[in-house]
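Visitor: Can you make the complete structure from the sequences, with help from the hints?
Now for the letters of each chain:
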Amino acid sequence: MTKNSSNIMALTPNTSNKRETVCIFGTGDFGRALGHKMIQSGYPVVYGSRSTQISNLIPKDAEVLGHAEAAQKAAIIIIAIQRQHYNFLTPLAEVLRGKVLVDISNNLKLNQYPESNAEYLAQLLPGSKVVKGFNTVSAWALQSGTLDASRQVFVCGDDVEAKQMVMDIVRALGLTPVDKGSLLAAQEIENYPLQLFPMWKFPLFLSLGLTAFFFLYCVALDIIYTYIYEKNNFSFFIAITIPNRVCPVVALILLALVYLPGIFAAIIQLYRGTKYRRFPDWLDKWMLCRKQLGLVALAFASLHAVFTLVTPMRAFVSWRTSKGIISQALNNKTEPLNNTNAWLSDSYLALGILGYFLFVLLGITSLPSVSNNVNWREFRFVQSKLGYLALILCTAHTLVYGGKWFLSPSAYKWYLPNIYMLSLVVPCAVLVVKFVLIFPCVDKRLTQIRQGWERKPKYSE
Amino acid sequence: MTKNSSNIMALTPNTSNKRETVCIFGTGDFGRALGHKMIQSGYPVVYGSRSTQISNLIPKDAEVLGHAEAAQKAAIIIIAIQRQHYNFLTPLAEVLRGKVLVDISNNLKLNQYPESNAEYLAQLLPGSKVVKGFNTVSAWALQSGTLDASRQVFVCGDDVEAKQMVMDIVRALGLTPVDKGSLLAAQEIENYPLQLFPMWKFPLFLSLGLTAFFFLYCVALDIIYTYIYEKNNFSFFIAITIPNRVCPVVALILLALVYLPGIFAAIIQLYRGTKYRRFPDWLDKWMLCRKQLGLVALAFASLHAVFTLVTPMRAFVSWRTSKGIISQALNNKTEPLNNTNAWLSDSYLALGILGYFLFVLLGITSLPSVSNNVNWREFRFVQSKLGYLALILCTAHTLVYGGKWFLSPSAYKWYLPNIYMLSLVVPCAVLVVKFVLIFPCVDKRLTQIRQGWERKPKYSE
Amino acid sequence: MTKNSSNIMALTPNTSNKRETVCIFGTGDFGRALGHKMIQSGYPVVYGSRSTQISNLIPKDAEVLGHAEAAQKAAIIIIAIQRQHYNFLTPLAEVLRGKVLVDISNNLKLNQYPESNAEYLAQLLPGSKVVKGFNTVSAWALQSGTLDASRQVFVCGDDVEAKQMVMDIVRALGLTPVDKGSLLAAQEIENYPLQLFPMWKFPLFLSLGLTAFFFLYCVALDIIYTYIYEKNNFSFFIAITIPNRVCPVVALILLALVYLPGIFAAIIQLYRGTKYRRFPDWLDKWMLCRKQLGLVALAFASLHAVFTLVTPMRAFVSWRTSKGIISQALNNKTEPLNNTNAWLSDSYLALGILGYFLFVLLGITSLPSVSNNVNWREFRFVQSKLGYLALILCTAHTLVYGGKWFLSPSAYKWYLPNIYMLSLVVPCAVLVVKFVLIFPCVDKRLTQIRQGWERKPKYSE
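Residue numbers (the working numbering), protein chains in the order written: chain A, 1 to 461; chain B, 1 to 461; chain C, 1 to 461.
These aren't lab readings, by the way, just hints derived from the structure by calculation.
Heads up, some of the hints might be wrong.
Stated by the list, open to error - Listed below are several chain C residues computed to face chain B (Cβ distance under 10 Å; list not exhaustive): (1) Asp29; (2) Tyr192; (3) Ala299.
Cβ atoms here follow ideal geometry from the backbone N, Cα and C, with glycine treated the same way.
Guide: What follows is the structure in structure tokens.
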């Protein structure tokens, strides 16, 4: 790229050796990848290894020495060896005294050991300053340069200066350090890369459970019932018709479940007359996964939207439409426009569209980069005002859609209600209670409580 | 979680007391929440309070002392009391001399006081170093740990070191400090949490105004006119038909309004022969809310897209289609394929789809996390080149859609044009003027001006 | 805004002069904009200029002096002049000794000079500490305050303290400094603002090439063939019918090409028995642009979805439907529901919907702000597990759609296969080889290799 690279090379030694030497214990996969990246970023790297035999996999510009000699060359030592072998470090305690030891280890499962690896290391070498870090980055990401996933490197440690030194290295490698506090946070940091969407588990399992239940319910009523009593084989309903009944039902229930814990919290606070007592644990957990519940609901609503839009393209629908038109033509008559039907059809579609539109807006606002750019007042306006409006519109959409069948006996096959009737229970309950809660007399008291007022203030003497 | 927690606890006192003690004046809601979070992050916290009586709401590990004693224990004092009570601090001026005072107060409305709370505090206690901060975080967010909204904490202050100390605490609490400069920025920071989408107000009001106007215009022409002259009750047009006429019109006008200020700016610069004179205020404001205008336009365009896609599902449309087919069948004839119609219908749909596709692309690019990852050249390429292409495609979509009716007298009910004709005025004007501006002779001059060239360079002597 | 502004003004001088004076050489466009912004942020600014004549464009609060006097007033000097004039700085070498020089220059094209401007400056003035920075920000963005594009300011330099000083200024201006390491990175930083989506070039050109090829292929088979042999003019197919055949084909091929390099990599690693030898260059580049390939595929898939959904609104489709119904009505018969057809139609739609749904999910996960919030395990779960599921669903969608025509001779016009048959080659190959690779015996070996195992470990002696 540069033609007078000789010049540049002449300049480099004078300048880049301002970076402090870093020592890496262990020449395994991650140790090598990290060393390579550090050399690229201008750090002199020295490896501490049992064998003085140099693997050709070790970066060329790095030195390889015995552990003790390597440690003496640097103020920061990265411990790229596995926890099982930490005890071999104890004889080196004198050499490592006062040095910054960076624990980059990961475990194979959550809470594998009673204490975190970094705390274990700190106990083994009480004279050294242990900092946890780098465990959230993969060797492959460092090697390939494709840091598509998180660039965040969580760092924790008890010594503030040691932590600062490590965070400077993190920054120099093009990553983003995040200070997580004292070494007590090491367990959390070590568990982080082992997690698989922990906040999503409850919403996903709940929605899968609801989906399975309603799917079987629909198969029974729409396919089996029709087959038994009307001798019609509508098994192909499994592909689109039934999913398109189940998706809106699950979406509406999940959306209502997003707002239900807020209702519970308000009732509990009103009953207790204070906001300073902790909510029950289940309510706390429920409130923390409301965003995920809402996004799963949005996914189901989106599927419902697309399933609905492809309706005119289905062979079954074309056939049904043709049949209807042909029978009218053969009977030589044209049905007049039913104005009530036109109103119902158009308004249920319009309500659904507007509800879904607000729902998508809520989803966009929950993108991290968008929610980082709004203040609390705006966030609450969107998530609470617009959220309730979306819930009202979607509930109204369902009511208008099925309203005419509520009193029709033919809608109750095997004396069971249709699933859209079941789907209305939770949203209507939420909306009714919320309507009570925004009555001025109730709302005023709730606002007072949330601003710190207490019915019976308690002071310990 | 950890079994040998006794060990860890033994370690903690030695290590985490490296954090400096923080003093909090005031044991109100926010003071308690902040203290709690700080203790969690390893800061020793001491409360300064009028009453030595200790509420059981105060975090257990915190000390509670009188104001003076508490202040002496810490270098940083967080003033968690309301502005009205600031004057009680004046007797403590001696104790607070040289200390860092963190003003975390918020007001109830924008610009409530002539000077910001932090500046008022600095005037009361000129010997202390006042730093503004934490006012953008809510007590509830700190308590619950759900920092879904902004994690950004704006910090300002005149003393650089004091500010640095506060920013370190912010970081330690897992929040992101943003240095906003000297204490002069305090007013802005205090106004921030009171804002409700300030940049969105003009675009939203404008679009609501346009929507209301066009809606009434359509109601008059499509429902009232039809009812009077054709005795048809098409009141259900309110639900879908009319919204689907209004949405694309508003979207197209707003999209044109995104590019209109750029046209004005170019004309003004060409006329003045310099880029160094400020634009009129209205133009400046208009240019700053172009992104919001564009996103509102995208929202209307999306509604138009969905309203259009549900068309075949409407009872009215099914009825109209059936009627047409039945009348053909009863007359025993089949209309041949009208090739021109097929061309017009397909090309207007294709133009709309491509225009909308580019529009969505522009929307995605304006997401903060995406626009942060492109450089200026790329951002301008997308927003200007692709943006104009979207405007051209959408204008062409409207022209092809309604082209055949321009010269038909039946399209002018009550001698008024249809609204899609009105919608074409601004976009066509923008496109025509832009076409003139990219003529080489004009464009060359404009480029010179934008690179700093001036027709009559002025130097003050 | 503030009424007692006199008070505030009295306070300001005492406080904001803690910011160090900054000197700017050059009073051009960018120098003025930067100076203006710095004064706003509380920095005293002094301009170094050839002429003592003061342009009224220079910010009012700034001083203008000769170069030497200006330089003496500040520790940081911003070099806002063009590279061609750098040599006029050599006489000032003594004055500039030990000062921090900030090179903010940009070039007109990539790699315009053999060495970067900043390195050239450092060679001219070896006694000064050169830092590269600010070149990614535009003067217009600084002036207007609309920093919609990147707020990131890349900074590099050999002197750590000098770099730190510059990064502090960047932060104070409300921008985000990103430390890119030593001055060797200057060339990369200078090239950055000249780039136009470098990672997108290959995916875009590839997709445009594929689109052009398949479009012409379709025009030949669907329009020209029909015109010659059936005398039907279906030229309007160009608008929607053919795009809606080309888009899914290109989308499916591109999606398969996202997973193909991973297959190649696995085969190469298995063959070599090690992961420590570099992949061929073309494979490396291919792997780095997989995200872009996937997003282009998503764009084509979205166009396909919308083109499909507008189908019932097309004049041609309405005409075809009417014709079919009328001919049935005139023949006085109703076709019964074809259950196989209903199954095929519904399941191909359902497969497409689910595949597209997963595809959109992958797209959302690749938004920078979302992918920054997932850990590696989660990112790989989404991109690999869900990605393959999307590929399987989309391939099945295509197979079910066209399955019945594979053996029908009428599908082979001019003995050429239809394009959906061509589109299945790559995805099916990828899925078959992947199926072999997840056989336990193969997968186990691959996992070993990826964890660092080698068939023939090599050590240099």
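Visitor: Check each numbered hint from earlier against the structure, then list the numbers of those it violates in ascending order.
Guide: none
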